[in-house]
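Trainee: Chains as they are written, first to last, in this note's numbering: chain Y, 69 to 212; chain L, 77 to 585.
Note that these hints are calculated values from the structure, not bench results. Remember, predicted model here, so these are calculated numbers, not experimental data. Just so you know, even glycine gets a beta-carbon here, dropped at the ideal spot from N, CA and C. Be aware that one or more of the hints could be misleading.
What the hints assert, rightly or not - For the chain L half of the interface with chain Y, some residues (derived, Cβ under 8 angstroms), not all of them:
| # | residue |
| --- | --- |
| 1 | R79 |
| 2 | R82 |
| 3 | E112 |
| 4 | Q184 |
| 5 | Q395 |
| 6 | H397 |
| 7 | G400 |
Unchecked claim - So these bits of chain L aren't anywhere near chain Y, every CB distance computed over 10 angstroms:
| # | residue |
| --- | --- |
| 8 | E209 |
| 9 | L212 |
| 10 | T335 |
| 11 | R509 |
| 12 | S518 |
As the list claims (entries may be wrong) - For each label pair, taking beta carbons as the anchor points, the in silico distance ranges come out as:
| # | chain 1 | residue 1 | chain 2 | residue 2 | range |
| --- | --- | --- | --- | --- | --- |
| 13 | L | E197 | Y | Q84 | 19 to 29 angstroms |
| 14 | Y | Q84 | L | D147 | 56 to 66 angstroms |
| 15 | Y | D182 | L | E508 | 38 to 48 angstroms |
| 16 | Y | R131 | L | D314 | 20 to 30 angstroms |
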Amino acid sequence: LAKVFVSSVVNAPAGQVWALVRDFNGLPAWTPYVAESRIELGAPADQVGCIRNFSLKDGGRIRERLLALSDYEFSMSYSMLESPMGVENYVATLRVAPVTEGDRSYVEWTADFDCPPQRESELVTHIGKNVFLAAFRTLQARFA
Amino acid sequence: MIRLRRSTIVEAPAELVWRVLRDFNSHDSWHPAVAESRIENSPPHDAPGAVRAFRLTDGAFLREQLIALSDRDMSLTYCILEAPLPLMGYVATLRLRPVTDGDRTFIQWESQFDPPPGQAEALSRLVAEDIYEAGLAALQARFDRRRRTPGSGVDVPALPRPAVQVDREARIGERSGGGAHPAAMETEAIVVEHHGGPEVLARRKILVPPPGAGEVRLRHDAIGVNFIDVHCRTGESDLLRPPAVPGMEAAGIVLDAGTGVTHLAAGDRVVYACPPVGAYAAARTMEAELLVRLPADIGAETAAAIFLKGLLADVLLNQVHRIGPGESILVHAAAGGVGLILCRWAKALGANVIGTVSTEVKADAALRAGCDHVIVRRRHDFTAVVCDLTRGRGVDVVYDAFGRETFDGSLAALGFGGQLVSYGQTSGPVGERDIGALAAKSVTLSRPNFGHYSDTAEKLRPMADRLFEAIRTGAVAPTIDTRLPLAEAAEGHRRLEARENIGALILIP
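So that you can see chain L by itself, here it is in the shape it has in the complex (with noise of 0.2 angstroms):
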């Protein structure tokens, strides 16, 4: 018997690399040697059992079959099916640890098989060297950490224009000239060294510079902290390399503004939500035209907390779907923070809102934002009780953001003409599915993605107006769970990232 092994370190965390690797048929998206692949028939890419189909990229055709994944060790067991080459009994383990000094990844292959006779030594250099070696070498150039490896989560593309091109050292950097510029002014802000947890977020002085051409430069009231700026943080994000100020929305005053900026002055309240990046300081210069107006009636921590999550709000509310009298949805996360906007607006403009949570404890939270019904998810079959509260017709439109573990159970919850919107997927993606199955329900399937939407002022102010006007008759009500100084960015994280809140957090500066 033959046993081979091949192992390397990669420069990312561990649980990143495993969300790629334990999708059964990634292989085509990371493996050199690997063309296309598809799961037969459909089924989960993560269950054991599944069968994988592909094709090398010197056309040889494989199938192997997944027999063991271990969310615990990192690892998946599979075994050659079918394959041009005499791979006799050939089972492999892919294995991850966690190297904790530095954040990276040990990442192991290994297997074993029998070759005729007088075949070893090809075979095994052979698998060694093409598909372990390459594969691996592959890994490391992916997740090298400069380069973007993929996210999850509620989509926020980087906006199709240029990002303001200021000199990186004249933002960025320790106190030392002391002035890069005459005018640039100096102001506390957290800087993500490099990728990583929470304690990665350093305090650090910056220099802000003063504005250019359609430029502005803002002081901050209030900071909001999303799922986003955790993303930007880890890496799985390539909206921020490090160095770089994280935080992507804010409420605040316009300080001085550069030549060609009509229609802000200096001492207007603005809001914005969108890259680039750079919101956790207690003051900015950017693009003038990413800014909102802000009326005099709605406060700066109201917006800095309710800006983003509500004008995706609108996005799903108002233009993916309209949503109107007597229509019945069904929010997934409803006591999140975007599940507890859609909630209470969906309720205002007169749907029957059911919302999913994951404990009683979030349950009385989205009682409160204005559900009709709330189902523990691990308690129920939501999909069982939405027949039942339907009287088998199912909802109209369900909004899901888990993605993979909710999507089958979503669609089946659905009527006749029904539509899932599917705006996430913090549970990871949701994987190849027969589009035929939709015409059970003649349902429709809808993936927007916010940047679409808010990617230039024609369409954002409109937004912003329905959003502001929604937040003055109290369709829209900002929940703010915590506030924290600018300088405890960190211990916001940990909060979200331990799904600890309820509602949004803001830092103030």
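The shape of chain Y in the complex, shown without the other chains (with noise of 0.2 angstroms):
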């Protein structure tokens, strides 16, 4: 199982943030690699179950589920049901909380996955640093 663990701090209130990152559908928004994404069926998009089925500037397509969303704890889980990335079981978690010194936020990206062991390094790196961590440095470039 490999492991993929992101978080950097935005300066912007939590409720702002989130109020960005909670549109399941919403990520040509904010990411600098999504093309464009639409939600399958027509269905809302903080629909728990809706699937998200986007375009990626590179070409590729993804499709992912919504596990779970929650208003309380600004975080939501989603699966991955298809991608050019070659991994498995993969579950992902966006998290925002507030950093009430200074209003601002601490943001939090995490996933688990399988994949075979020789491209583990190679996959986590890439998850962590071209997708994770290139969203909240757009997300940080939005909020400045």
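Two independent chains are provided; combine them into the complex using the hints.
Mentor: What follows is the structure in structure tokens.
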């Protein structure tokens, strides 16, 4: 089981950051790598169980299912159904928490998945850096 | 019900902050509102159920009980048993999360309680501001990267005299001016740019100034890698302030000597093991008094691999307690760097040696080092095995660098009049104990500090002579596990931290 853990700090109140990232269909609005996204079967984007289907700017397509959404804890979890990355049993959680000192936010993105052992370090680095951290960088720039 | 939450970001790795906060009695060391605190009935400080009784600086007395502690989530939960304020049903949780972006820590302190009617606002403000905000601000200040944080491991304090004063710009820094001093020489070095993981060890060209009064400039032939270097890199030790070259042990040759240096001259072979840092370089300039001349029959690699650990072993076996024939001793971490030396040397002094190790692989190494018996701690209760092996008598001396984890067991393994030599705390601080317990077997407790035994040339030379003699007779035999090029210092730290090494790890410039 491979694990990715990336966390950072965004200079905006947690409510504002959560409002942006809680939209399960909203990746094109705050990540640098998603071209377009839609929710399958026309479901609401916050219906637990809905599937987002999005394309990456480099051409790949990914389908993910919303497993949990908490406006109480500002967190969401989802699993990956299809992707070009070659991972299995991929489940990720995105969390936002207030940093009351300075009215900022702590953001945390974690993932667990299975993959061939020889690809593990490459995938952990890729997901941690090019996916999670890259998105946090965009968030930081947006609220700078 | 009132819910409160305050949180902040602290500029230090989460493991470091957690090491302090997980001790339920540590708050009087970091919270400005807590004057003094103790754990009732002296149980461990990290066992749910522990009660801390403490007094605030305003005189208020409180008792709180730890009800949950998780090293996995880095969180602890406690409730109030007794307080001067009506914080009914108060339960609080302190939680840490690593901020991987920048190696910082997110700290969150939250609670809930039921205030009496009309007091909600005043109580909330008091708890949120005077306790949570004030405490978090104090933690921020304490873990400010420029300041000292509590360390662990074998104590190697700074020397009492000031470190050599050299213009930092002349020593450290990218190649720019090309000649801060006409005779400064450029050399390869490893620099800790800022505190962090092994990756912060960066290759740099540095300028080595010519020796000033009382100094020598030397070329390193071999450099020792020790756990204290890891503590310097992470910021747990204040012996290194970035940017700086780490390392406190090396052997080499004197290139030139400054005025007033009489006991050393160009071409002399030397070795040292002491602060100030600066050994991870092909050359350096340092105070001549700190250097010991290396006998012709002892190689530079051997010296760099063994000098610090060997001197510490001399302190433990020949000074804190003089080991004699027929004594029985227990050495924890017998396959560790210091442990292997202790076992072999104690055996040569005629002692019966019992070692403890963490795994079977290490048991082989400990047996080869001369242990009469080796106990794998994960499988056996070492106290019970020692009792069996000594037919109930217990051992004469226990050498323990673990601290918290083994302290009570080590005391229990001693026989009448025995001595516990606690020389480190790699598993955490021992905490409070009732010294009345020592009376059960009239035991002596020693907490030696290597620095006090080695801080003058007069103390150091006889220790070095005993160590060199022990190397000649084979009582001390350095096992060099790994030689790495200086440029691969980061890999060396990774191996050390992964505890993959049995024996010493040295860097070759």
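Trainee: Could you check if E112(L) really has its C-beta closer than 8 angstroms to a C-beta on chain Y?
Mentor: Violated, about 27 angstroms.
Trainee: Was the hint right that R79(L) lines chain Y, CB cutoff 8 angstroms?
Mentor: This hint is violated: R79(L) lies away from chain Y, its Cβ roughly 11 angstroms from the closest one there, beyond 8 angstroms.
Trainee: Classify the hint on G400(L) as holds or violated, based on whether any CB of chain Y lies nearer than 8 angstroms to its CB.
Mentor: Interface hint status for G400(L): violated (53 angstroms vs cutoff 8 angstroms).
Trainee: Quick one, is the R82(L) hint okay against chain Y at 8 angstroms, beta carbons?
Mentor: Hint holds; R82(L) Cβ to chain Y Cβ min 5 angstroms, cut 8 angstroms.
Trainee: Given a cut of 8 angstroms on the nearest C-beta pair, is the interface hint for Q184(L) held or broken against chain Y?
Mentor: holds (7 angstroms)
Trainee: S518(L): least C-beta distance to chain Y exceeds 10 angstroms?
Mentor: holds (51 angstroms)
Trainee: Would the least Cβ to Cβ distance between R509(L) and chain Y come out above 10 angstroms?
Mentor: Answer for R509(L): holds, closest chain Y Cβ roughly 37 angstroms.
Trainee: Okay, E197(L) versus Q84(Y) on CB: inside 19 to 29 angstroms?
Mentor: With a Cβ separation near 26 angstroms, E197(L) and Q84(Y) satisfy 19 to 29 angstroms, so the hint holds.
Trainee: Does the Cβ-Cβ separation between D182(Y) and E508(L) fall within 38 to 48 angstroms?
Mentor: holds (46 angstroms)
Trainee: Hold the hint about Q395(L) up to the distance rule: shortest CB distance to chain Y must be less than 8 angstroms.
Mentor: The hint is violated - Q395(L) has no Cβ within 8 angstroms of chain Y, the shortest such distance being about 46 angstroms.
Trainee: Are Q84(Y) and D147(L) spaced within 56 to 66 angstroms by their CB atoms?
Mentor: This hint is violated: roughly 33 angstroms between Cβ atoms.
Trainee: Over 10 angstroms to the closest beta carbon of chain Y is the bar; see if T335(L) clears it.
Mentor: Non-interface label stands for T335(L): nearest chain Y Cβ at 53 angstroms, farther than 10 angstroms.
Checked against the numbered hints listed earlier, the structure breaks hints 1, 3, 5, 6, 7, 8, 9, 14, 16; every other hint is satisfied.
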